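Visitor: Just so you know, the sequences run in chain order A and B. Start counting the first sequence at 0; every next residue gets the next number (numbering that gives the first Met the number 0). Start counting the second sequence at 0; every next residue gets the next number (numbering that gives the first Met the number 0).
Treat the hints with care, as some may be off.
Because identical chains share one entry, a pair is satisfied inside a single copy or across any pair of copies.
Okay, derived cross-link-like pairs now, SDA-like style, lysine to any residue, Cα gap no bigger than 20 angstroms in a straight line [what the hints assert, rightly or not]:
| no. | residue 1 | residue 2 |
| --- | --- | --- |
| 1 | K210 | V295 |
| 2 | K184 | T15 |
| 3 | K184 | P221 |
| 4 | K201 | P221 |
| 5 | K201 | D89 |
| 6 | K210 | Q291 |
| 7 | K210 | E223 |
| 8 | K245 | T300 |
| 9 | K201 | I149 |
Honestly, the hints are just simulated from the structure, not real lab data. Just so we're clear, the structure is a prediction, and the values are computed from it rather than from any experiment.
2 protein chains.
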Amino acid sequence: MGVIVVGSVALDSVRTPFGEVTEALGGSATFFSVAASYFTDVAVVAVVGDDFPDEHVELLRGMGIDTSGLYTEAGKTFRWAGTYGFDLNDRDTVSTELNVFEKFRPRIPENLARVEYVFLANIDPELQRLVLDQMKSPALTACDTMNFWIERKREELLRTLSKVDVMVLNDAECRELAGEPNLIKASRRVLRMGPSTVIVKKGEHGALMFKGDSLFSAPAFPCESVYDPTGAGDAFAGGFMGHLAKTGDTTEVNIRRAIIYGTVMASFCVEQFSVSGMASLTGDDIETRFRQLKEVSHFET
Amino acid sequence: MGVIVVGSVALDSVRTPFGEVTEALGGSATFFSVAASYFTDVAVVAVVGDDFPDEHVELLRGMGIDTSGLYTEAGKTFRWAGTYGFDLNDRDTVSTELNVFEKFRPRIPENLARVEYVFLANIDPELQRLVLDQMKSPALTACDTMNFWIERKREELLRTLSKVDVMVLNDAECRELAGEPNLIKASRRVLRMGPSTVIVKKGEHGALMFKGDSLFSAPAFPCESVYDPTGAGDAFAGGFMGHLAKTGDTTEVNIRRAIIYGTVMASFCVEQFSVSGMASLTGDDIETRFRQLKEVSHFET
Numbered sequence: 000m001g002v003i004v005v006g007s008v009a010l011d012s013v014r015t016p017f018g019e020v021t022e023a024l025g026g027s028a029t030f031f032s033v034a035a036s037y038f039t040d041v042a043v044v045a046v047v048g049d050d051f052p053d054e055h056v057e058l059l060r061g062m063g064i065d066t067s068g069l070y071t072e073a074g075k076t077f078r079w080a081g082t083y084g085f086d087l088n089d090r091d092t093v094s095t096e097l098n099v100f101e102k103f104r105p106r107i108p109e110n111l112a113r114v115e116y117v118f119l120a121n122i123d124p125e126l127q128r129l130v131l132d133q134m135k136s137p138a139l140t141a142c143d144t145m146n147f148w149i150e151r152k153r154e155e156l157l158r159t160l161s162k163v164d165v166m167v168l169n170d171a172e173c174r175e176l177a178g179e180p181n182l183i184k185a186s187r188r189v190l191r192m193g194p195s196t197v198i199v200k201k202g203e204h205g206a207l208m209f210k211g212d213s214l215f216s217a218p219a220f221p222c223e224s225v226y227d228p229t230g231a232g233d234a235f236a237g238g239f240m241g242h243l244a245k246t247g248d249t250t251e252v253n254i255r256r257a258i259i260y261g262t263v264m265a266s267f268c269v270e271q272f273s274v275s276g277m278a279s280l281t282g283d284d285i286e287t288r289f290r291q292l293k294e295v296s297h298f299e300t
Numbered sequence: 000m001g002v003i004v005v006g007s008v009a010l011d012s013v014r015t016p017f018g019e020v021t022e023a024l025g026g027s028a029t030f031f032s033v034a035a036s037y038f039t040d041v042a043v044v045a046v047v048g049d050d051f052p053d054e055h056v057e058l059l060r061g062m063g064i065d066t067s068g069l070y071t072e073a074g075k076t077f078r079w080a081g082t083y084g085f086d087l088n089d090r091d092t093v094s095t096e097l098n099v100f101e102k103f104r105p106r107i108p109e110n111l112a113r114v115e116y117v118f119l120a121n122i123d124p125e126l127q128r129l130v131l132d133q134m135k136s137p138a139l140t141a142c143d144t145m146n147f148w149i150e151r152k153r154e155e156l157l158r159t160l161s162k163v164d165v166m167v168l169n170d171a172e173c174r175e176l177a178g179e180p181n182l183i184k185a186s187r188r189v190l191r192m193g194p195s196t197v198i199v200k201k202g203e204h205g206a207l208m209f210k211g212d213s214l215f216s217a218p219a220f221p222c223e224s225v226y227d228p229t230g231a232g233d234a235f236a237g238g239f240m241g242h243l244a245k246t247g248d249t250t251e252v253n254i255r256r257a258i259i260y261g262t263v264m265a266s267f268c269v270e271q272f273s274v275s276g277m278a279s280l281t282g283d284d285i286e287t288r289f290r291q292l293k294e295v296s297h298f299e300t
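Modelling step: build the complete structure from the supplied sequences, incorporating the hints.
Guide: Right under this line is the structure:
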């Protein structure tokens with residue numbers, strides 16, 4: 000079992016109306032792996048520069064995350080800077096410095112090539128396929144993407160989509176990828192592009208899951224204290240894949256549960272900057288929110 | 000039992016990317032009463048001009064709606080014209096002609112003053128209170144509002160809010176009324192303004208209900224064919240109040256059910272122009288969608 004994630008490990012500088020951090024631990028693979036580490040063994044494949052602080056690697060290792068695929072290259076670590084407005088829904092990217100990430104060609108270490116649950120975070124769809132080609136016995140593969148790839152590498156993205164089991168994307172990306180404003184129609188159209196499951200993340204509005212003719216609408220966790228939405232989508236994916244890998248059960252019933260676990264991890268993520276909100280949870284913290292989501296969405300027939 | 004609604008009966012001219020209608024039957028009280036008529040006795044209190052087509056009155060009466068409080072005044076009926084863009088989320092009001100509605104002072108006919116379930120659709124909060132003062136034995140009162148009243152008649156609106164049991168409003172209105180971008184915090188703040196229950200309508204993202212410390216997150220019905228969102232909020236309120244009046248049960252368990260019935264009625268409303276999508280339903284149509292919403296939101300612990 001276990002899960003492997005390929006994506007970015009970055010230094011994020013984020014400003015929100017509630018505070019700011021400078022060069023904090025960030026990146027899609029980071030948020031994913033910290034969230035997933037509460038459920039199963041996690042291995043991260045990414046690249047950092049020789050300026051990457053040891054303490055960040057130690058934090059990941061301290062959470063039991065396998066960093067044998069975290070390569071250090073000469074040069075600077077990927078840096079991202081962004082600001083969020085008062086309602087936290089729109090973010091402005093202030094700067095993106097790819098640095099060593101620009102030439103990232105993911106190599107899966109031999110000992111990780113048989114990990115069965117594979118998450119391709121938001122990277123170039125060509126690289127996502129390069130990763131898939133190296134995996135020896137995937138039980139379930141999932142990928143994320145972003146508007147940049149939808150617009151600039153559509154054909155490559157469609158090829159990746161035809162090879163993964165689960166597509167995870169946000170509502171704007173789903174509408175854009177499908178060229179369809181109705182989200183239900185758009186999601187079903189993405190389903191026809193290859194994946195057997197499509198998960199649409201809607202931030203404060205929860206998530207939708209499409210699988211065959213079935214549809215699941217998951218509530219968001221009612222967070223009153225949202226400090227920084229950065230990484231929420233990756234934390235969601237981490238909880239989702241982590242639960243699937245832990246249970247080894249990819250039936251729809253369990254996929255629905257996994258989406259709730261993803262929702263729980265995203266809710267912890269947004270309550271603090273960087274990975275702080277997810278760094279020291281107990282299993283009880285997670286189960287409590289899982290049960291709260293059941294209460295929040297329950298009605299009697 | 001039974002429900003009474005006070006609001007507008009209007010002639011709507013609506014253009015969406017999927018078609019258009021001119022001077023079709025519209026208005027908050029219309030959408031509400033047609034939706035509610037599937038559940039219980041409904042009486043509508045509103046004003047129309049002497050140009051109001053008989054066929055519209057006949058449609059309402061044909062659905063069993065009591066129109067003894069539908070007054071006809073010399074002059075023209077309230078007219079609203081609007082257009083929706085491709086994603087149907089933003090609407091532009093092209094024109095609003097209040098006409099006879101401008102001097103509307105709602106009078107509750109004697110025989111309707113003892114109706115127990117009272118819905119104050121989106122009208123001047125002063126008039127909403129004028130209605131409340133005329134009701135003899137309300138079991139449950141609910142009101143809607145809009146940005147116009149929040150901005151121009153805030154004090155009056157707060158006075159109305161302190162006198163109703165249920166506040167129904169959309170997410171943007173909730174944030175504006177509370178002066179708080181976090182929707183959970185904003186809703187709890189509205190709860191402290193007086194009503195024991197606050198319902199936040201989020202369109203394609205469903206609805207939230209706050210009551211005491213409890214929170215209910217209702218999914219939207221997954222509509223693939225949305226032709227015209229006009230009236231969806233009032234249809235939602237109609238299904239909600241209709242179910243409560245039918246059952247005479249205002250416990251939280253039943254309020255949650257009522258929200259699902261509201262969601263079902265809104266889903267039928269948006270599938271056609273005017274009230275056409277709600278004009279000829281069967282009880283089975285409604286129950287089928289209720290059950291589908293149960294399936295859509297279900298997950299196992």
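Visitor: Hint by hint, where does the structure go against what was stated? Just the numbers, ascending.
Guide: Every hint satisfied by this model.
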